[in-house]
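Okay, here's what each chain looks like letter by letter:
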Amino acid sequence: MGRYVARRLLQMIPVFIGSTLLIFCMMYALPGDPVRAMMGDQAYDPTVVASIKKELGLDQPLLQQYVNYMTGLFQGDFGTQIASQRPIADVIADAFPVTIRLTLFAFTFVTLVGIGLGVVAGLRPDTLRDRGLLTLTLVLVSMPSFVLGFLLQYLLAFKWQVTTPTVTDSTDFSQLALPATVLASLSLAYVARLTRTSIAENLRSDYIRTAVAKGLPRRRIVGVHLMRNSLIPVVTFLGIEIGSLMTGAIVTEGIFNVRGIGVEIYDALSRREGATVVGIASLMVLIYLAASLIVDLLYAVLDPRIRYA
Amino acid sequence: MPDKTVEKKVEALPGDTVSTAGVVVTDSGPAPEKARSLWSDAWHDLRRNPLFLISAVLIVFLLVMSIWPGLFTSASPRDADLAKHYLGKPNWGHVFAPDWLGYDVQGRSIYARVVYGARASITVGVGVTIAVTLIGTVIGMIAGYFGGWTDTLLSRMTDIFLGIPFLLGALVVLNSFDDRTVWVVIMALAFLGWTQIARVARGAVITIKQADYVVAARALGASTSRILIRHILPNALAPIIVVATIALGGYIAAEATLSFLGVGLGDSAVSWGGDVARGREQLRIAPHTLIIPSVMVSITVLSFLMFGDAVRNALDPKLR
Amino acid sequence: MTIIDEMAERPAPDGSQDTGRPLLEVRDLHVEFHTRDGVAKAVNGVNYSVSAGETLAVLGESGSGKSVTAQAIMGILDMPPGRIPKGEILFRGQDMLKMSNEERRKIRGSKIAMIFQDALSSLNPVLSVGYQLGEMFRVHQGMSKKDAKAKAIELMDRVKIPAAKERVGDYPHQFSGGMRQRIMIAMALALEPDLIIADEPTTALDVTVQAQVMDLLAELQREYNMGLILITHDLGVVADVADKIAVMYAGRIVETAPVHELYKRPAHPYTKGLLDSIPRLDQKGQELYAIKGLPPNLLRIPTGCAFNPRCPQAQDVCRTDIPTLHPVTERDGTELAGRGSACHFWKETIHG
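Chains as they are written, first to last, in the working numbering: chain B, 1 to 309; chain D, 1 to 320; chain X, 1 to 352.
Bear in mind the hints are in silico, worked out from the structure with no lab data behind them. Note that beta-carbon positions come from the ideal geometry of N, C-alpha and C, so glycine has one too. Mixed in with the good hints, there may be bad ones.
Stated by the list, open to error - Label-pair restraints from in silico Cβ distances:
1. N225/X with G223/B: 42 to 50 Å
2. D41/D with F158/B: 46 to 54 Å
3. D78/X with G93/D: 17 to 25 Å
4. K160/X with T135/B: 49 to 57 Å
5. A222/D with V207/X: 33 to 41 Å
6. R8/B with K145/X: 29 to 37 Å
To be verified - Below are the SDA-like pairs computed for lysine to any residue, each with C-alpha atoms no more than 25 Å apart in a straight line:
7. K53/B with F177/D
8. K151/X with I208/B
9. K145/X with I221/B
10. K146/X with L302/B
11. K159/B with R284/D
12. K145/X with G223/B
13. K145/X with L302/B
14. K244/X with Q286/X
15. K98/X with D78/X
16. K165/X with L302/B
17. K54/B with A83/B
18. K146/X with V301/B
19. K160/X with G53/X
20. K145/X with R219/B
21. K98/X with K54/B
Working from the sequences, and respecting the hints, build out all of it.
The structure is reproduced here in structure tokens:
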């Protein structure tokens, strides 16, 4: 087990470097210039631009810049925002907990409601109840989060005035409920569908037939024999969804004005603050990789047929 | 499905006494029935699936709309008349008229914009799907078939691209371009999105590679390219098509989301996502400017998802 | 122990003979499946019975309805698409088809148990075998977890699994095919049921292991004096173990007979064909006989005798009239106990 984890960690290194390098290249190699973006439309002096660039190390070759950046990152130095002169580490430290709260809220919602709906539908496949839930999840999947976000914002906040349209205090969970619901909707629909399919498939398996032939009560058949097998793929999916939820937060935070990572990324992008974007992106890559490692380990715990190899 | 073609049968004539020698073999049980393949079976299923029929009709409708928007409205999506039409409310009775769905903040017909906006969404959706399917299938098949170092390398590359959150990557790439045409958006999304198909293709190829008919073809000395194209590709196609159709809806949603975030198609383009973003400021006073293009996005995505879902159910015998 | 037991002690309401009453009696059982291509008639009026200590072998090709009948007895048919339009399944004189789900559940596992063909897929892959064995005691007898585990080890010893104590926590995939089938047998045996249904218990196993597993099953059956329904398509398996045989074809029983009689003198062309297709040492060098054609499509069972398209003796009457199960007699008319043949020409077949 320890060896397996060590090997997986080693394997993660090239993937981490590759992903961050790719983002770094996309940020810096493509057209667009942070210094010019900072100066805006005003006439600029090429020599001034050049000196600022030199100061920031932006005149060096791309790979060198990447190495410099990563060395800094591992010493805890995320760099400084060009426009505001704030250390990026501070920006992240302020924004990250907000996004984490929102994501965890949404994640809980996804897990409980998604699996719940999936089980309810999967236990009676091809009935009206199943079809209805499947259609509902399709509708949810087909609504991009900004559509659902505005719809709920319009209905709940403007029309019926049961909530505030935007989040003023991100530690207040009642305010976060609406953005979390919107953020969760897509993953929730996927989880419900996956659970449903998995349950319906396992329901027809030989070992469930054996469990029935053993004279076990239905509650036990479902709870002990069916659930564990059916939820293995769902757990895998949930682990990967943590990453999607965090990026999905970019849109949701924008709609409800939650001051989290999403808003910071969006601001940084429009100002072409590469260091901020790459810093946050690196964190997200790290979270994604950690989540997939945890999922793999969990997988082996849940399914004895999988061995750490 | 096992092939049910029975050996040539000789029908025993009425009154024909059959000797114990067993010369005459009549049709044994299974009535003559044409052999059903995976695809014809799927088609049989699809024709009876109301969700498939509804989504197919909607998709045809959307395709026609994106190719000949002039068929649906005489109004131009760019004609603005602030004086007369500022945020005009929809007139639900005026079906197909320019003022049917009201006017936006610049006095442009929302109906005309919705009709003309279909082209951007459909082009991006279809374009990205085709590009992603081509790239993903080639990479996945190569990785799956050759295995070894090739597989390790390509799989690691897939992992790297998977590590980048899709939306974040698209934001970064598209943000760099000032002139975001349809092709830029397609290339950016395809660049980031091919991993899913590559994984599916790789998995399918690894399974099929071990099938007896592939082993047999190799034993008979078929060339690698022939094995890949004639034997493996046709059998790996079903899962790839299923994933691609479902992904199509997702790419349309992604385009709309990016346009909404201001990094999709340029401002001059007529696109639903852009209209939603512009309608945002009027959410309180004129919700229709935002809700109508939103609904169009959802209907379009829903059509492709329903379509893909129906195809998946028909092609996946396990789910029957 | 339960209401069912008390009621089972009473004579059957329909006044069938009290003494020597069979353990299980299937009467005119019909099962059909509603598929998108039409109604598949899997079982079309099956009658058979098993007494305590007796072994009935049900023989037939795949699709003959032998497994579906067993599933109907166990109450594990998928309904829908399955349906039982007609018939009775009497267990100790009680019609199980009229019982509530809860009553049937209590019988399953404790009174009637089943052994499945493929032990690997029939055992839950994510639960240890000890847990799956112990579950029988915990659910039906309310035993504690610890006692149930001890019982599980005892059972594994009983079916001769080496090092039972160490292996009780292992998972199904860690055992060999033969050992897994032993675990299935142990599970069926756990509560010492009155009747065991074994559905092709050895088909998935190596030939050498087949005999061991079969012997074990026969030995345990004798010891506990259980009724055994052995479902198989393998005539070789049957000979040593079974007391009587029912041959099924297209959802009907076409011949019944005590085991050795059947081998000696089959009274149905289908049985004859099956026996002729067994390779025999004394016929070395001859071409092996094979029944021509394919098993019937259950959506369109041929009119008359379902076997007529494949039967070398088929006449006109075979294409129009469904033969009933005639009692088979000697040439002089003396009845042969337990023998029946659903062939219009049974006389010619057995005596000709």
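Inset, instruction - Compare the distance between the alpha carbons of K151/X and I208/B with 25 Å, and conclude whether the hinted pair is satisfied. - result: holds, 23 Å
Inset, instruction - Hint says 33 to 41 Å; check whether the CB-CB distance for A222/D and V207/X agrees. - result: holds, 36 Å
Legend entry - Given hint F177/D paired with K53/B - CA-CA distance at most 25 Å: Between K53/B and F177/D the Cα gap is close to 21 Å, so the pair holds against 25 Å.
Inset, instruction - Could you tell me whether the CB distance from D78/X to G93/D stays inside 17 to 25 Å? - result: This hint is violated: roughly 53 Å between Cβ atoms.
Legend entry - Proposed proximity, L302/B with K146/X (alpha carbon, max 25 Å): holds, 23 Å
Inset, instruction - Verify the proposed pairing of K145/X with G223/B, using a straight-line Cα cut of 25 Å. - result: holds, 17 Å
Inset, instruction - Just tell me: holds or violated, for the beta carbon distance of N225/X and G223/B against 42 to 50 Å? - result: Check failed, 36 Å falls outside 42 to 50 Å.
Legend entry - 25 Å limit on alpha-carbon distance, applied to hinted pair K54/B and A83/B: This hinted pair holds, its Cα atoms lying about 16 Å apart.
Inset, instruction - Measure nothing beyond the straight line between the CA atoms of K145/X and R219/B; if it is 25 Å or shorter, mark the hint as holding. - result: Roughly 18 Å separates the two Cα atoms, so the pair holds.
Inset, instruction - With a cut-off of 25 Å on the C-alpha distance, tell me whether K98/X and K54/B pass. - result: violated, 89 Å
Inset, instruction - Verify the proposed pairing of K145/X with I221/B, using a straight-line Cα cut of 25 Å. - result: holds, 17 Å
Legend entry - Cβ distance range 29 to 37 Å for R8/B and K145/X, holds or violated: The hinted range 29 to 37 Å holds for R8/B and K145/X, with Cβ atoms some 35 Å apart.
In terms of the numbered hints stated before, the structure departs from hints 1, 3, 14 and 21, listed from lowest to highest.
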